[in-house]
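Enquirer: Given next are the chains, with one letter for each unit.
Number of protein chains: 2
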Amino acid sequence: MSIEQINAMDQFRAILGADNVSEDPDRITAYETATFKTDKSIRAIITPESTEQVQACMKVATETGTQVYVISTGRNVGYGSRVPTCDQAVVMELRKLNRIVDFSEELAYVVIEPGVSQAQLYEFLQSRDSNLWMDATGSFTEHSLIGNIADRGFGHTRMADHFGQVGGMEVVLPTGELLKTGFGRFENAKGEGVYKWGVGPYVDGLFTQSNLGIITRVTLWLDPAPEAYKKFFCSLEREEDLPELIEVLRPLRLNGTLKSAMHIGNDYKVLGSVQGYPWEVMQGKTPLTPEVMQELSKKWDFGAWNASGALYGSKAEVRAATKLIKRTLKGRVKKLQFIDARTLKLAEMVAKPYQWFTGVDLTQMLKLLKPLFGLTKGVPTDSMIASTYWRKKEVPSGDLDPDRDGCGLIWVAPIAATSGANAKNLWHIVKTVLLKHGFEPTVSITLLTERAMDCVINISFDRNIEGEDERAMACHDELLKELTSNGYYPYRLSIASMGLVAGDGSPYKHLLKGVKQVVDPSGVLSSGRYGL
Amino acid sequence: MSIEQINAMDQFRAILGADNVSEDPDRITAYETATFKTDKSIRAIITPESTEQVQACMKVATETGTQVYVISTGRNVGYGSRVPTCDQAVVMELRKLNRIVDFSEELAYVVIEPGVSQAQLYEFLQSRDSNLWMDATGSFTEHSLIGNIADRGFGHTRMADHFGQVGGMEVVLPTGELLKTGFGRFENAKGEGVYKWGVGPYVDGLFTQSNLGIITRVTLWLDPAPEAYKKFFCSLEREEDLPELIEVLRPLRLNGTLKSAMHIGNDYKVLGSVQGYPWEVMQGKTPLTPEVMQELSKKWDFGAWNASGALYGSKAEVRAATKLIKRTLKGRVKKLQFIDARTLKLAEMVAKPYQWFTGVDLTQMLKLLKPLFGLTKGVPTDSMIASTYWRKKEVPSGDLDPDRDGCGLIWVAPIAATSGANAKNLWHIVKTVLLKHGFEPTVSITLLTERAMDCVINISFDRNIEGEDERAMACHDELLKELTSNGYYPYRLSIASMGLVAGDGSPYKHLLKGVKQVVDPSGVLSSGRYGL
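Chains A and B, in that order, give the protein sequences. Sequential numbering of the first sequence, starting at 2, is according to my numbering. Sequential numbering of the second sequence, starting at 2, is according to my numbering.
It is possible that some hints are incorrect.
Pairs involving identical chains hold if they fit within one copy or between any two copies, as the list cannot separate such chains.
Said to hold, decoys possible - With a straight-line cut-off of 27 Å between C-alpha atoms, the simulated DSSO-like cross-links for lysine-lysine are:
| no. | residue 1 | residue 2 |
| --- | --- | --- |
| 1 | Lys510 | Lys331 |
| 2 | Lys353 | Lys336 |
| 3 | Lys316 | Lys510 |
| 4 | Lys299 | Lys41 |
| 5 | Lys514 | Lys181 |
| 6 | Lys482 | Lys181 |
Read the hints as simulated data drawn from the structure, not as lab findings.
Isolated chain A, as found in the complex (with noise of 0.2 Å):
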């Protein structure tokens, strides 16, 4: 280390408490671990507790040159969990930064820091028996909100977008000056959180899928809960009909008759969520034979494709809509099935009688279920993250670790406009470059907004299986430039691709560098983020 190097250590112990900066070397490869392989090291993991230490610890970094790479919670699995995109990095975990600042129930917001979890918030407003629902993402309880957020992330509720269910935010630059946007500027405002242009140029997207500041305080909107709410399950049985499901879709997606996201997974999605894979029956081979996804599928009694949605608003508006659907889709899906509160209440006194005269494990099928008719009220769940260790050959009882417990995961999740032509286009990718390379091509695909849908792709491997990384990581590789030079880019990118935001020679990234060059002079945030 440098002289600069050791008195920034020094500074940051003085500005956090040596409690506060860690150079605990187990920690640390916990922090370099992520679901596939990575090359980057660590210097030390410091964790602010208030946004004033964040700001002199970047005034810290911008004097000695250091670099700081900023998490949250650091479960962005799948995309890179904690691991930074610059080597030797200080990383700056931000999960002790845990307020939730102020709440309104009457104009349905919450101002949050970057530590508070999808859990943390469910059980805030569970606490005050609120009437607003929040989003939650599939993903852990305890990721962070903002994390999310700044990533773009999305859930399953109509708040689905999150960064578009921002009102405001105040964010730390580079050199440590604190930046608030919108009428958050202006002392007093009395449109602050509530309107989110502001007045002058809008700057809250720079400092999502970037590098250019660190979000410590946002606003985010909440949703009153619907009078009436209602979900919906049907299949397809042959994978060949997704594109005319797509299509008839549409259009009920675009007029607001589905006010949240449509997910439609495939027989390997659902398969990895109710079971791992079937090492035995498959003697230790992989990938998955068709023989034995056709067995699987009617032992769980899945199609080739499974959609879920819900419908939301006044009694009237729910029933008026269920009709709609039921009229859309029928002759076109399989076992079309709408479930309340009180039907699934139902549906679980009834699993056991109704595994004996079908044969069909409804009580393990509920464990999917029921999750699912939470997400999209927003009801937060780690019931998922099991499907990390599809793969693996055990999974453990207690506390769920991928990072920790070599499960590999990949994440690829190109947009594409909503139409049946490009689900026909990603599917055939999907399923040929992942089959080539011995993976399971495991998708759901979202009709994310109005407009847009989103291929969710999941590499699924085991790390500890000897060369899979380097195999996984050529299927990504290939998979990614398949999508790409057919048009399909990701909406998000893990750190195995943050090279491909854009050419170096574009307005786009001049315009950015340029950016870059004005709020972090020294260059010392989280270098590489998103190619910049």
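Add chain B to chain A, keeping to what the hints say.
Expert: Then chain B, alone, in the frame of chain A:
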């Protein structure tokens, strides 16, 4: 003129042809005239016909240090019309870039250039028998859609937040470089225009309310016509009942019963929409006295506050919403009336007999109601323009042109969280300041978004009366000071208040000055716009 400047004009002529470079003193004078006093003179007006020409002109501007001030169709009436924020600029008018470049009925969007007006898009959709609705403002049908987006204007349908409906942009940077935002910057991206964030930092917001680039193309989202549409009106007799009305409407706006902006105009606002200033009754004196207002409100049958809203959705949804509105407003408002296409037709038929029996001039009132009925379903109208002639003694029978005709109008439009307390404060400030300066306190309060309301204040006067320009500006300055010192900041600025964006020492200003330096190193684009 310096050699460089003469040189620049020659180059503009070479690029655009002599016909598209005007130094005609009459035309220049017209462009130097707004609806309030301004002091900036214009050197010339250039009218490119393509994005390439815009690029070429900006290269010349950058090389020669020529100040260029961009307008779209120049209908920014009440905010400064076509008058630049900097002196001796060459005005670049984009009205000849008026192509509708692309259109998708299935995905509900249109790709437009800055010369495309409200009327043009409306006619385009009509001519195709499109099932899609656009959003419209109550301003000129000839105003530019992109011009309005660039200033983050709003309309009256579910798509009222115009910048919020932008799926992507093409921007000419001041140096002449062409930037595409979102997925549009990738070749052949299948998510272009349908998913606004793209990948990497989201930069579109930088090009609104700024001088950082020239928007030459926008993907604008449209809205499928709902199955049912209904408008409703009601009024309050006593001005002090406004806060309670706001409080009971807020939950309905938040939970989606009201999907579009509720519009609440005071008596002055309605009066100005149906007639001019009653010079005779007032015997030439201003401002309007309470006594005369009482007479006129009786004659026209309006209240102290007059609200209108719209209901959209399936038939069942609109039916349920109608019930809920009735229940909520019962006993709180006067004359709650629901109008659909059928009842509007009926009203037109009975207007005459109605007047014989009641003395209320329904025919004249229908002239206001009918365009309002259209506005919340995205039908542009010029019918509100007459109100800019409020204090004029004559209204021309032909083309209305407030700039030309000496109409005095300054708009101030502060935003606040939707609450009765904020409505009360805003109204108190407006009433006090405007009456003190001898102007009618004409306002509307719009429940713009789920959480925020916008108070649009007119300062209306006759520019041809000696001293009125100065009195109006003094009123404007005091109004703005009172509003902002109480926390009420405008959502957009007129050229008379561009300094308001942020203090010069603030991190926000520092960031933007830095960005300006990156994209416009010669400082040649629209200097002074939004304080940059």
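Enquirer: Flag every earlier hint the structure violates by its number, smallest first.
Expert: Numbers 1, 3 and 4, in rising order.
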